[in-house]
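Put together the whole structure using the sequences plus the hints.
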Amino acid sequence: MEDLNKKEGFSRRGFLKTAAAVGAALAVSPALDKVQAATRAVTESKTASAGDAKAATITAHRTLGTGKAAFEVSALGFGVMGMTYNRSYHPDKKQCIRLLHEAMDRGVTLFDTAIIYGPLNNEELAGEALGEFRGKVNVTTKFGHEVIDGKATGRQDSRPATIRRYCEESLKRLRTDVIPMFYQHRFDRNTPVEDVAGTIADLIKEGKVLHWGMCEVSAETIRKAHAVCPLTAIQSEYHLMHRDVEKNGVLDVCRELGIGFVPYSPMNRGFLGGDLNEYTEFDPHNDNRTTLPRFTPEAMRTNYRIVNVLQRFGRERGMTAAQLALGWLLQKEPWIVPIPGTTKLSHLEENLRTLDFTLSAEEWKQLEDAVAAIPVTGDRYNAEQQKQVGF
Numbered sequence: 000m001e002d003l004n005k006k007e008g009f010s011r012r013g014f015l016k017t018a019a020a021v022g023a024a025l026a027v028s029p030a031l032d033k034v035q036a037a038t039r040a041v042t043e044s045k046t047a048s049a050g051d052a053k054a055a056t057i058t059a060h061r062t063l064g065t066g067k068a069a070f071e072v073s074a075l076g077f078g079v080m081g082m083t084y085n086r087s088y089h090p091d092k093k094q095c096i097r098l099l100h101e102a103m104d105r106g107v108t109l110f111d112t113a114i115i116y117g118p119l120n121n122e123e124l125a126g127e128a129l130g131e132f133r134g135k136v137n138v139t140t141k142f143g144h145e146v147i148d149g150k151a152t153g154r155q156d157s158r159p160a161t162i163r164r165y166c167e168e169s170l171k172r173l174r175t176d177v178i179p180m181f182y183q184h185r186f187d188r189n190t191p192v193e194d195v196a197g198t199i200a201d202l203i204k205e206g207k208v209l210h211w212g213m214c215e216v217s218a219e220t221i222r223k224a225h226a227v228c229p230l231t232a233i234q235s236e237y238h239l240m241h242r243d244v245e246k247n248g249v250l251d252v253c254r255e256l257g258i259g260f261v262p263y264s265p266m267n268r269g270f271l272g273g274d275l276n277e278y279t280e281f282d283p284h285n286d287n288r289t290t291l292p293r294f295t296p297e298a299m300r301t302n303y304r305i306v307n308v309l310q311r312f313g314r315e316r317g318m319t320a321a322q323l324a325l326g327w328l329l330q331k332e333p334w335i336v337p338i339p340g341t342t343k344l345s346h347l348e349e350n351l352r353t354l355d356f357t358l359s360a361e362e363w364k365q366l367e368d369a370v371a372a373i374p375v376t377g378d379r380y381n382a383e384q385q386k387q388v389g390f
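With numbering that gives the first Met the number 0 applied, the sequence shown closes on residue 390, and no number is skipped along the way.
What the hints contain is simulated information worked out from the structure, not anything from laboratory work.
Predicted model, so just to flag it, every value in this text is computed and none were measured.
Distance ranges between label pairs, derived from CB positions:
no., residue 1, residue 2, range
1, Glu131, His60, 17 to 25 Å
2, Pro374, Asp148, 38 to 46 Å
3, Glu383, Arg222, 23 to 31 Å
Okay, derived cross-link-like pairs now, DSSO-like style, lysine-lysine, Cα gap no bigger than 27 Å in a straight line:
no., residue 1, residue 2
4, Lys223, Lys331
5, Lys171, Lys150
6, Lys343, Lys92
7, Lys135, Lys93
8, Lys204, Lys223
9, Lys171, Lys207
10, Lys53, Lys92
11, Lys207, Lys150
12, Lys343, Lys93
13, Lys223, Lys386
14, Lys67, Lys207
15, Lys331, Lys246
16, Lys93, Lys53
17, Lys135, Lys92
18, Lys150, Lys386
19, Lys92, Lys171
20, Lys135, Lys171
All residues carry an ideal CB built from backbone N, CA and C; glycine is no exception.
Okay, structure coming up:
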């Protein structure tokens, strides 16, 4: 596998080391399609704190939602989850805070966390790092998973009184007096979605929440919720290896109702970046990938053919596999805002430089078809986790 990786294309670290050494901006194709022309960022250069290398700075913004629900954010967000939760080993808190500040300084304005991440300590990290910058950045969070005495129970609780309590507790952890966007993390079978939407509407009137969203819900549920309180964004898994939202009506209803879409795990939990393979060891105590059928050694070995496609395609255009995965999402719609997470400055740099590239619609279709021709091995969730999505 090691030799195959070297043969088929760039490694993420190798690409960035070369880019830093030459200090040159990456090439931009002159052909712009309509969606990309509207949202493309001309990345600015500034001196990086670590030395003389030029750092990517994102200037493009996109709008999630419409009308009173409209929410302008950077074209790429930042998923904070992996800094404390579900992603094996991570730097200490000081290093994480420095990276979050670096992302903010480079123009990222959308940061994503949740009560269940940790639980609680991910919100606390985001609050400590970004709480003082209210107005400059937006830290969104999520409620729904039941947490008692700091521990997850595995149940859902979106009763109105619980939402209000979670809201107050999140405000304290995030060190703010208003939550820019509050998502329902998972559908609660025992609470009508109209009650959830009505409670959020009240919190918006009270000035404690600015916008709201839902995660992993059906098109029908979106319609019901939106009719009570206009939604700003839907957050679901979406990437080249998981495209269900294109088929189940979720993207269609977002397009119809003017709701934004925020893909989580836009690189399939790191896999599409090319750094993971069948020999990767995950921390069984802090990594949900050990429970996911798609991340068994056998599945990763088979699915690495998809990474090889990205590497070959990218090699001809000076792009990494990760940049192609993010770029593919960005060109889909101008109201899609991916939230890749990382604990490494080199990967933050790489992600932001995605916006340096422009491919034609024909090229994106070529990549999409090449990936789609390879069957994906393994389900994205085990049976228990799958029960919590798709309502």
